Amino acid sequence: MIPLKSYKHLYETRVNRAVWKVGGAIAAALLINAAVALLFVLPALGRHHDAARELSAQRETLAELRQKPVVQQATESGIASILRRIPPRMLLSELTTTIREAASRQDVLYVKLEQESAMEQQTNADTGQAEQPAPSASDQQGASHYRLTMYGDLHSLIAFVTRLQQEEQLLIVDSIKYTALDQTNESPSLQLLAQLPSWRAGRIGYSLELTFRAFELPASIGGKFENASVAMN
Amino acid sequence: MRPINLLPRVPYIVRRKRWLMMAAGIAGLLLLVVQLAFLMQWENDQTSLKKEYGRVAEEVRELDRLTTKTETTMAFDQALDMAHGLEKEQPAWEELLQPLLGSVQLDGQLTTIEAGNDGILKVTSVYLSEEEVTRALKKLEAAPDYRNMKLAITEHVKGETPGRLRLVGSDGQVLRLDNVDYYTLALEIGLKRQEGTMP
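Sequences listed follow chains A and B, in order. The first sequence begins at 1 in my numbering and counts up one residue at a time. The second sequence begins at 1001 in my numbering and counts up one residue at a time.
To be clear, the hints were calculated from the coordinates, so they are not data collected in a lab. Possibly wrong hints are sitting among the right ones.
Taking lysine to aspartate or glutamate pairs in the EDC-like style, the calculated list, with each CA pair at most 16 angstroms apart, reads [what the hints assert, rightly or not]:
1. A/68 with B/1059
2. B/1017 with A/12
3. B/1150 with B/1188
4. A/177 with B/1114
5. B/1122 with A/209
6. B/1050 with A/54
7. A/112 with A/101
8. B/1122 with B/1141
9. A/177 with B/1118
10. A/177 with A/209
11. A/177 with B/1094
12. B/1051 with A/54
13. B/1158 with B/1181
14. B/1150 with B/1114
15. A/68 with B/1062
16. B/1050 with A/50
This one's a predicted model, so the numbers in the text were calculated from it and none came from an experiment.
For reference, chain B alone in the conformation it holds in the complex (with noise of 0.2 angstroms):
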């Protein structure tokens, strides 16, 4: 006679217990496979991202050390801005002094020459004839830089015996102001403030 199984049905649970634990252990297993390429794959990633950083960052430092000054050449602007900055107060004496150089024909004529910070050249000179004053005046009033001339004084004098002043020729003739009449013209010459020509 075939036996009958009266008992209830055995739960689920208890009937599949292995497959469901297997179940569970693959599930898992393949979880931790997933988890680990995703590792992998960033770890790869990172890799590269750092090579690739490396590169740039390689990059970025030349392309910084060329478009950025060091200190020493930002130290070298400063000397140089500061040397060009005195330059510019340095007066061009010779081209100030040039027309009066010009004006007079004998060796000794100009007696003094002055100029300061005060902007004004002060000029002492003798002359054997009113004439010659008046010429070195013309020649001076045409100079661009003494357009601002003012006449301190000009004199009528009868030389000394023995006098002091000689005047010498382009020849190298010698000429005493002994008991001879000169006139002596005094200027004062206000000149442009100009960078480069003025004090």
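The shape of chain A in the complex, shown without the other chains (with noise of 0.2 angstroms):
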């Protein structure tokens, strides 16, 4: 007879050796498997969803989009034009350019151009003088105040106003003061009044005083324009 533990343990090294093998086997199908799905499977999984859902972000933002209108850029003839309505500098020739070409084409004397400082400005506000500009939020603008002195016949010296407000050139006049020169106590010097054709032919002579305001662009906003102006020129 064989004895009983012989007999249970008869087939224990081939069950332990089969057990490992097949164990084995499964283990190492499972960590093929695993790895590859750690190393290539998930991630692929990962920058899909990503995909996916940075396309449907896009989507949206388009979508957001379709309902904005249509807005219109800025050309560049139309900021040539606004710079040469505002310049980004002030040019003192330009100015004296356009107030002497306005005055030939009227027909009036060109006598006398100041530039008023801030201090007489602000001094004039507080005296409140009628013909000061009141300080406005357009002082702030980069605005340069002028005292101008021409000479004319009224008509002329009227029309070289409206000539000067339609320069291209924004320039705003404040104040004006015509006096006949019949009137003045201040005696005009009558060469140059003989250069007047007006004046030659008997009219009645005036003075005209006025005060305007021309303008340059903030640096903040003229800035912008720098890479439009080189584009330009």
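Using the hints, put the two chains back together into the complex; each one sits in its own frame.
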């Protein structure tokens, strides 16, 4: 008779070996799959989800943008025009040319141009002089104040003011004062007046004193046009 | 004689060891194939998603460009607003003075015209008769911009000799007011504060 112990352990070694081998095969299969899943499949799934999410977000952005109205961008000619109207830098040469040309077109005599200092403006504002413009928002926008004296006949001087207001460069005429030269205590130079055709024709001469403001664009705005200006130049 | 195996039956795992190992291998392989199939599917999908994303992104960029103002355009708008704001401060001087010019007949009658930021147009003028003064006032009163007109002074004056005043007619004829009676009129006209008409 075979002893019970020997019988019980007859296949133990073979069973153990088989368990190890089958278990090893299963473990290897699982490990390889797990490795592939971790290294390739899951990252690919993550990328896939990310791409789908990004696409969805982009489509939402597109849908939002489709609701927005199309805007009109500034054109080069528009920029050039506004830069002529309010230059980034006020050039005195251009200002005097503008006045001289406007004067010659209206047959009036360009006599005197003075730039008022900030202190004078403040003093005038404090003393409440009527002909001085009150400090306004525009004063904060790079406005320079000038006082201009012209001679001519009344109609030509009135037309000159209009012409000055219609110049390409924005000039705001704040005050005007026309005085018949016969009435002034000053003695205008007769040689100067003789240059006026209307004076020579015997018409009454007038002096016009006006104050006006010329402007330049604030640097925060003008700076944005630098590239555009370079492109246009 | 037929041999009889009296040993206990060989355990299943031992008997089917190879089969079980092969089954594990095949199952692992099948699982791998399934994983690879998914992997390829997702990679393909991702490629088409990226292409679609690129197309939509391009459309977004284009629409963004069309619906968003550039810095230059924003600066342009600011400059334009500034210009328009300032233009509103521009009084229409010629228009405001036209009634005055229409109220006199001779060159030189309007001796001073002055207007500034206080919104008051101050005028002094000379006339040869009281009737002329009245006629001029009537004309000025008819002007819509001159509704708020105040008389500063009107005065009967005897011209000096030699005087400084002279008037010129439209025909060029000069009239000196030496030793001649004439009438002065000084007015203060409160101008309506309207956009583009008043300082």
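Here is what the structure says about each hint:
1. As the CA atoms of residue 68 of chain A and residue 1059 of chain B are separated by approximately 14 angstroms, the hinted pair is consistent with the 16 angstroms bound.
2. Between residue 1017 of chain B and residue 12 of chain A the CA atoms are separated by roughly 14 angstroms; this keeps the pair inside 16 angstroms, and the hint holds.
3. Between the alpha carbons of residue 1150 of chain B and residue 1188 of chain B the distance comes to roughly 5 angstroms, so the proposed pair stays at or under 16 angstroms and holds.
4. Between residue 177 of chain A and residue 1114 of chain B, the direct Cα distance comes to roughly 4 angstroms. Compliance with the 16 angstroms bound is thereby established for this hinted pair.
5. The straight-line distance between the Cα atoms of residue 1122 of chain B and residue 209 of chain A is roughly 14 angstroms, inside the 16 angstroms bound, and the hint therefore holds.
6. With a CA separation close to 9 angstroms, the supplied pair residue 1050 of chain B and residue 54 of chain A stays within the 16 angstroms bound.
7. At roughly 15 angstroms between alpha-carbon atoms, residue 112 of chain A and residue 101 of chain A fall within 16 angstroms of each other, so this suggested pair holds.
8. Under the criterion of a C-alpha separation no larger than 16 angstroms, the hint pairing residue 1122 of chain B with residue 1141 of chain B is consistent with the structure, at around 15 angstroms.
9. About 13 angstroms separates the Cα atoms of residue 177 of chain A and residue 1118 of chain B, which keeps this hinted pair within 16 angstroms; it holds.
10. Among the hinted pairs, residue 177 of chain A with residue 209 of chain A is consistent with the structure: their alpha-carbon atoms are about 5 angstroms apart, no more than 16 angstroms.
11. Under the criterion of a C-alpha separation no larger than 16 angstroms, the hint pairing residue 177 of chain A with residue 1094 of chain B is consistent with the structure, at around 13 angstroms.
12. This hinted pair checks out: residue 1051 of chain B and residue 54 of chain A have alpha carbons roughly 12 angstroms apart, not beyond 16 angstroms.
13. The straight-line distance between the Cα atoms of residue 1158 of chain B and residue 1181 of chain B is roughly 5 angstroms, inside the 16 angstroms bound, and the hint therefore holds.
14. In summary, the hint linking residue 1150 of chain B to residue 1114 of chain B is supported, as the alpha carbons are separated by about 15 angstroms, within the 16 angstroms threshold.
15. Straight-line distance between C-alpha atoms of residue 68 of chain A and residue 1062 of chain B comes to about 13 angstroms, which keeps the hinted pair within the 16 angstroms bound.
16. A threshold of 16 angstroms between alpha carbons decides the hint, and for residue 1050 of chain B with residue 50 of chain A the separation of about 10 angstroms falls inside it, so the pair holds.
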